[in-house]
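Produce the complete structure using the sequences and hints provided.
Residue numbers (the numbering used here), protein chains in the order written: chain A, 2 to 119; chain B, 158 to 269.
Rather than coming from a laboratory, the hints here were simulated on the basis of the structure.
Treat the hints with care, as some may be off.
Stated by the list, open to error - Some but not every residue of chain B turned toward chain A, in silico, with C-beta under 10 angstroms: (1) Q163; (2) E166; (3) Y185; (4) Y193; (5) Q195; (6) G200; (7) L206; (8) L246; (9) A248; (10) F259; (11) G260; (12) R264.
For every residue, glycine included, the Cβ atom is placed at its ideal position computed from N, Cα and C.
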Amino acid sequence: GAGVSQSPSNKVTEKGKDVELRCDPISGHTALYWYRQSLGQGLEFLIYFQGNSAPDKSGLPSDRFSAERTGGSVSTLTIQRTQQEDSAVYLCASSLPITGDLFATEAFFGQGTRLTVV
Amino acid sequence: SQKIEQNSEALNIQEGKTATLTCNYTNYSPAYLQWYRQDPGRGPVFLLLIRENEKEKRKERLKVTFDTTLKQSLFHITASQPADSATYLCALAGSYGQNFVFGPGTRLSVLP
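Have a look at this one:
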């Protein structure tokens with residue numbers, strides 16, 4: 002597709018249920034990021050995948066959160082036993098190094114998944 | 158710990174004036190600093206990137222400066238228009254990683 006696609010766009014779930022959020026990055030982008038944005042707040046880093054390297058999971062808030070990236074493309078963020086404080090917009094982004102400068106990139110964001118835990 | 162601050166939660170200016178937004182950081186040595194625009198209900202959109210060895214970058218009505226001594230970036234929008242109203246986020250990335258750390262954002266309102 003032309004951009005980063007996230008699904009579902011909205012998800013309402015009951016406290017204690019598990020949820021899966023999906024991200025389809027731009028084809029060919031080697032880096033994929035997940036962020037969380039609570040109402041009126043900035044972006045909170047969750048996890049970062051780069052090529053075949055081990056992901057940087059340093060931002061995951063608890064062991065209820067996990068993510069995987071299959072085949073270097075699609076990523077799924079899973080939240081187990083959801084809590085009300087998990088309610089937020091979950092944003093996915095992908096990036097490709099700017100030509101000639103491996104470490105300078107811009108990130109392309111999806112529209113996000115708005116998760117509401119009731 | 159790393160901290161990124163943006164000058165204010167909200168900034169109101171009159172159409173035609175220059176908007177200046179500030180991004181300050183501590184306990185960080187970024188190699189790159191980026192600015193993004195975010196409209197309500199949408200993901201951030203990349204605007205400009207500036208490297209640590211660059212003082213200034215321009216793109217149309219936008220200008221970014223980066224002072225690694227002051228640990229500060231200024232983002233200017235000249236001849237502002239109501240369509241420029243949005244939240245603007247700064248993001249920092251280190252030398253060897255592409256993990257962006259975002260500031261809290263400044264909500265800009267350009268009044269007609």
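Hints, one by one, checked against the model:
| no. | hint | verdict |
| --- | --- | --- |
| 1 | Q163 | 8 angstroms, holds |
| 2 | E166 | 8 angstroms, holds |
| 3 | Y185 | 13 angstroms, violated |
| 4 | Y193 | 8 angstroms, holds |
| 5 | Q195 | 8 angstroms, holds |
| 6 | G200 | 3 angstroms, holds |
| 7 | L206 | 6 angstroms, holds |
| 8 | L246 | 7 angstroms, holds |
| 9 | A248 | 8 angstroms, holds |
| 10 | F259 | 4 angstroms, holds |
| 11 | G260 | 6 angstroms, holds |
| 12 | R264 | 9 angstroms, holds |
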